[in-house]
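What follows is each chain in one-letter form.
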Amino acid sequence: MLTIDRLTKRRGSALILSDVTFQARPGRVTGFLGPNGAGKSSTLRILLGLDRPTSGTALVDGVPFERLPDPLRTVGAVLDGSGAHRARTGRAHLSWVAAAAGIPRRRVDEVLDEVDLTGAARKRVGSYSLGMGRRLGLAAALLGDPAALVLDEPVNGLDPEGIRWMRRFLRERAEAGHTVLLSSHLMGELAEVVDDVVIINGGRVVEQGTLAEVTGAHRTLEDAFFALTTGARGGAR
Amino acid sequence: MSAYSGELRKLTSLPSVWAAFAVGIAVPAVVGVLSAVSTSAAIANGTKPEAGPDLGYQELAFGVAGAIILGVVAASSEYFTEGESAGSGRQITTSLTAVPSRTRFLLAKVAALTTAVVLMSAIATGITLSCVQAVVGDHAHALDGAAATRVPGVVLYWVLTALLAFGITLLTRNGVVPLAVLVLNTSVVTVTFLLSKVTPLAVYFPDLAGMRMFLTEVRVPVELSPITGGVVMAVWVVLLLACGFTAFTRRDA
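Those sequence lines, one after another, are chains A and B. FYI, the numbering for the first sequence is 1 to 237, going by our numbering. FYI, the numbering for the second sequence is 1 to 253, going by our numbering.
No lab work stands behind these hints, which were simulated from the structure alone. Ideal placement from N, C-alpha and C gives every residue a C-beta, glycine not left out. Certain hints may be false.
Some chain A residues judged to face chain B by a derived CB distance under 8 angstroms, without partners named [as the list claims (entries may be wrong)]:
| id | residue |
| --- | --- |
| 1 | R52 |
| 2 | G56 |
| 3 | G62 |
| 4 | L68 |
| 5 | D70 |
| 6 | A77 |
| 7 | D80 |
| 8 | G81 |
| 9 | S82 |
| 10 | R88 |
| 11 | S95 |
| 12 | V97 |
| 13 | A100 |
| 14 | P104 |
| 15 | R134 |
Computed far set for chain A versus chain B, every beta-carbon distance over 12 angstroms [unchecked claim]:
| id | residue |
| --- | --- |
| 16 | M1 |
| 17 | F22 |
| 18 | R25 |
| 19 | V115 |
| 20 | G119 |
| 21 | T215 |
With the rest of the complex left out, here is chain B (with noise of 0.2 angstroms):
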């Protein structure tokens, strides 16, 4: 429990960790009221007859860069060199020195990354939907019956994702190319995307297959339902998780 709260501490004390929490919430949020400004306009002016039922989520599936900026910090943050001048210090060595049990330190910095995912995505969600909501009106399909499961497989989404960016990291114990890698899949081009124009086989990358729990409308040769689609992200990231563990347990810190 101790080491728990030292984890949680940590990201809360970190600068990179409130910019991440900046991203996540606001960039669904400004892309959300924008999309659902132009699609009211296009059901006022009879070009649309309603908004489409991904209109907020969609926003949402790019909101996860927040995440995998968390995913990536939370191992990154370790290994940061303190640099030459101040002794190339690492905080690998105080965290590993504090909780000398590498199992149970992995166990607890998982345990505050989903929590602080959790919070990062209920919040954006919450914001991002009423905000569609709030535009588009009675036209929005934001908040109907569906979103019962559809937001919980947001928050599912975004706690994989940041999962997977940790195990990532864990392996290459620096951040930038996975940062730079994730973050441009999610949001410039989305490499996982335009394969799955080469080959149907792409569905099961991890990013594809787990927006279908809760995008309806995504362009791709094989349909998964919300539940096959979450569990094969589940599997990529229990997978990238065990890879991970091993190095780090086996490793020298």
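Only chain A is shown next, with the shape it has when bound in the complex (with noise of 0.2 angstroms):
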């Protein structure tokens, strides 16, 4: 369970988060949608303890990322990325994470094996296409098996086929009761995927539910999230 409590960050005079509170719940995909700019990636960022918030709290099963006992055992991240130095070989990123977290090296083929990446494993990660070191990044998420997923942008820069395997995937997470929180700005591409939805948008939660309590009235997700988004509350930043 990851949540989110009254998070407000201010950057200089700037207010990039104001109030955020939300819950992403195991055996759920929870998708945390708004405009580009609008907090989500602060957001993922305050709860993996990469960034500080001025208030409010963000905690893993009750417990700050920070002070966890066996962090990538309990939440796997992808940010932005791969999050591997170009000059390493794939292969050679996993290695020292695994080395990091104290997980064992045959994780590190078995992970490569399930992002389907073992073919590209001993070239650079400066030489792969955008898609593919997302796929790296998520064979790092993925090496303590975690019971969460926190995932930001996950459908950034995929093709058709990569954007369907990761709704797969995702819902493959979920039903094995594993937490799933990703964040985007792409509605049409996870509207099928998400159990449960949290909009923000200028640093606010405009809305949060089911899937079917946000879309409510209107035909698709994608026209609750324009009807909430723009308009009277002036779109993003």
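Two chains, two frames, some hints: make the complex.
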């Protein structure tokens, strides 16, 4: 269970997040949706202990990420790009992550196979396509077979086949009882994957609930999203 | 312990680290052989009675460039951006999700960096001093009795220099400026040495002070003992690391 509670973040005079509160529950895919610059990445970075909030808390099973005894076995995360240095090979990247987290080496081959990168494992990350880099990031997130996954824009840069693969992967993960929290600004790609929806705009949560609740009277989630994030509410930034 | 082995693995799998080892080992050995050959010629034709006390050690003071590269890269590689077409990711996000405690992360990094630099400087010192001894023979001071304290001095100087470079790069988050400034200062123009012509206080710069641990002939206005020199340099390193650590633990990653 991921619990975001009254999160506020200021950077200088800019208000990045204001009183953001929501939860991501086990066995469900939670879609954290909003236009670019709405505060999605900032929220996820605070949840992962990378950025500090001005006030509020973000907890993983009731504990701040920084104090988790075994972080990689609890939460797997993919933020921007691959999260790997481009001069290393994909395998070398996963090897150091496994070593740093005390995860056995054999998991490296298993996750490479899981994301279909075995063939490119000995190539440098700098030669990877955007989609391959994203899959490498996902492989690192899966090393500890974590109970929760946190993914920032997971379908960005993927080709249609990659998007299909990602949808199926996320559904399987949730159906196995895991928590999945993903952010996206692409509604169409994800509407059929998510169970719960949180919509953020301009640093504030403007709507949250199950997919059916948020879609409400609108024809699609996308229509509901645009109704909530444009017009009177002023759009992004 | 696992954080340390992760950091060691990071170092061994980065091509720029191997380049740093090549520089640190080859530069002093090659320059050492060249000066040993000319010294030995000078002894043969009678212009010099014997080799200077710092032959070999002087060259190891240049080779510290390898340790500087290592110290800079250990920090800058975390912030190296993948490029927009690859999603603008940085390794630091992966590092801190694997080892979320920033203190533990930095201590593991310092330990791994120290391990690598001890290894690099021990190899460089062994090769350089043996080469000088082999070329100059009995006239050399490279491996005489004083070597027992001078060789650890070289290793310590390299380790402290690498930690200094690491601390500065934690503050800048980018390797270009610290690398250029520190490498130029040890090789092309030793700004700190030139400043010692202007003010005697310049002998307390970390590089000039630290060199006293293994060099006997440094033409500066104030003489420091090897121990004083080492302590002065260590104080610089502790202060800069403290600044780097504070910035790193307080800032958003």
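Hints and how they fare:
For the restraint placing R52(A) at the interface with chain B, the shortest Cβ-Cβ distance is roughly 6 angstroms, inside the 8 angstroms limit, so the hint holds. Of the supplied interface hints, the one on G56(A) is violated, with its beta-carbon coming no nearer than about 15 angstroms to a beta-carbon of chain B, more than 8 angstroms. Evaluation of the G62(A) hint against chain B yields a violated restraint, the C-beta minimum of about 16 angstroms exceeding 8 angstroms. Checking L68(A) against chain B by beta carbon gives a least distance of about 7 angstroms; that is within 8 angstroms, so the hint holds.
Contact between D70(A) and chain B, as hinted, is not supported at the beta carbon level, the nearest pair being about 10 angstroms apart and thus beyond 8 angstroms. Contact between A77(A) and chain B, as hinted, is supported at the beta carbon level, the nearest pair being about 5 angstroms apart and thus within 8 angstroms. Evaluation of the D80(A) hint against chain B yields a held restraint, the C-beta minimum of about 4 angstroms falling below 8 angstroms. A least Cβ separation of about 2 angstroms between G81(A) and chain B falls short of the 8 angstroms threshold, and the interface hint therefore holds.
Here the hint on S82(A) is kept, as its CB sits about 5 angstroms from the closest CB of chain B, short of 8 angstroms. This hint holds: R88(A) has a C-beta 5 angstroms from the nearest C-beta of chain B, less than the 8 angstroms allowed. A hinted interface residue such as S95(A) counts as satisfied when its beta carbon comes closer than 8 angstroms to some beta carbon of chain B; here the least separation is about 6 angstroms, so the hint holds. Among the interface hints, the one on V97(A) holds; its C-beta lies about 5 angstroms from the nearest C-beta in chain B, closer than the 8 angstroms criterion.
Among the interface hints, the one on A100(A) holds; its C-beta lies about 2 angstroms from the nearest C-beta in chain B, closer than the 8 angstroms criterion. Nearest Cβ of chain B to the Cβ of P104(A): about 11 angstroms, over the 8 angstroms cut. The hint is violated. For R134(A), the shortest C-beta to C-beta distance to chain B is roughly 7 angstroms, which falls under 8 angstroms, so the interface hint holds. With a closest Cβ-Cβ approach of about 18 angstroms to chain B, M1(A) is found to remain outside the 12 angstroms limit, as its non-interface label requires.
Its beta-carbon lying about 21 angstroms from the closest one in chain B, F22(A) satisfies the requirement of being farther than 12 angstroms from that chain. Taking the minimum C-beta to C-beta distance to chain B, about 21 angstroms, the non-interface status of R25(A) holds against the 12 angstroms cut. The beta carbon of V115(A) sits about 15 angstroms from the closest Cβ of chain B, which is more than 12 angstroms, so the claim that it is off the interface holds. With a cut of 12 angstroms on Cβ distances, G119(A) stays outside the contact zone with chain B, its closest approach being about 19 angstroms.
Under the 12 angstroms C-beta cut-off, the non-interface status given to T215(A) relative to chain B holds; the minimum distance is some 30 angstroms.
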